[in-house]
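Engineer: Sequence:
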Amino acid sequence: MKLLTFVADGRERIGAYHDGLVIDLYEAAALGGMVPQETWRSLKALLAAEEEGLRWAGTALRVAIEQDEVGRAGLAWPLADVQLRPPIPDPSKILAIGLNYRDHCVEQNLPEPKVITLFAKFPSALCGAGAPIVLPPREVCAQVDYEAELAVVIGRGGSDIPEDEAYEHVAGYTCCNDVSGRDVQYGDGGRQWVHGKSFDTFCPLGPWLVTRDEVPDPHDLAISCTVSGEKRQSSHTGQLVFRIPYLISELSKSLTLQPGDVLTTGTPGGVGVYSSPQRFLQAGDEVVVRIEGIGELRNPVVAG
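This note's numbering applies: residue 5 is where the sequence shown begins, and numbers increase by one.
It is worth saying that the hints were derived from the structure and are not from the lab.
Only a predicted model underlies this, so the values are computations on that prediction, with no experimental measurement involved.
Incorrect hints may appear among the rest.
[Unchecked claim] Listed below are the simulated EDC-like cross-link pairs for lysine to aspartate or glutamate, each with C-alpha atoms no more than 16 Å apart in a straight line:
1. Lys118 <-> Glu254
2. Lys257 <-> Glu167
3. Lys6 <-> Glu296
4. Lys118 <-> Asp94
5. Lys6 <-> Glu218
6. Lys257 <-> Asp164
7. Lys257 <-> Asp168
8. Lys6 <-> Glu300
9. Lys6 <-> Glu167
10. Lys257 <-> Glu143
11. Lys235 <-> Glu300
12. Lys235 <-> Glu290
[Said to hold, decoys possible] What follows is a list of derived Cβ distance ranges for each label pair:
13. Ala34 <-> Asp224: 35 to 45 Å
14. Met38 <-> Asp13: 15 to 25 Å
15. Arg59 <-> Glu111: 40 to 50 Å
16. Gly14 <-> Asp164: 41 to 51 Å
17. Pro281 <-> Arg15: 40 to 50 Å
18. Ser280 <-> Gly194: 12 to 22 Å
Backbone N, C-alpha and C fix where the C-beta goes; we use that ideal spot for every residue, glycine too.
Given these sequences and hints, build the entire structure.
Structural biologist: Here is the structure:
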């Protein structure tokens with residue numbers, strides 16, 4: 005399934021994408037006489053219900069499709085007619101991994117890391133597909149960069165998770181753009197990563213969450229980023245230095261993972277700061293992150 009959070013008719017809803025349409029899962033459930041848990045009004049709460057919540061979502065979607073009611077007013081909308089929010093608008097944390105693609109190490113003339121580089125992005129940086137990336141005033145931040153990333157969304161929470169059980173804690177995957185203010189990030193001797201990466205709108209996420217069952221191997225996906233039609237990054241998740249089960253296991257030794265937490269897995273080579281000449285985002289640009297089997301995250305860039 006492709007699960008998402010969206011706004012239609014002035015109300016935020018949870019839904020599923022099917023054949024060009026966004027279907028309200030609550031309305032679909034009512035159509036089938038299903039009684040969902042009232043708390044399942046957000047994808048984070050739905051994921052916290054684990055298999056029960058996902059079964060309910062899958063059944064509601066099937067009801068809408070099988071009864072051929074997806075065109076009914078108030079139940080489904082064309083994708084272009086809704087406002088997409090981040091699939092999980094309110095994660096407890098966004099865990100981000102730095103220097104995790106071999107080709108990204110090469111472009112910096114750095115050896116592959118032996119330990120994980122972990123930083124965070126504040127949830128207030130989130131925005132959905134189609135929402136603008138807002139450039140700060142140049143005197144605040146003048147070097148805004150793009151970073152295409154595969155993001156993992158946690159379903160079942162936990163701590164001290166064995167590596168061979170890590171996938172059981174994955175709800176699904178989505179696209180992320182780890183937008184980075186480089187002059188802020190590398191300021192003060194390179195000690196301002198969280199600040200440089202957590203400006204408002206600096207974490208586009210979406211367009212939807214693709215459930216784990218639809219992605220047989222997250223390490224076998226093409227990933228790319230284009231800026232105003234120019235391909236700037238083109239790589240493959242097989243380039244990951246630290247793979248997803250290892251990341252989940254290692255992080256869970258010190259952090260309790262919770263349903264809806266977002267783990268971004270790093271960016272491949274081709275970012276603007278290490279290009280020659282450098283290429284930073286400008287007002288009027290459009291950034292598109294594409295990941296095979298996941299989808300396309302498209303965001304315009306505007307001046308603040």
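Engineer: Which numbered hints turn out to be false for this structure?
Structural biologist: The structure conflicts with hints 4, 9 and 10, although it agrees with all the remaining ones.
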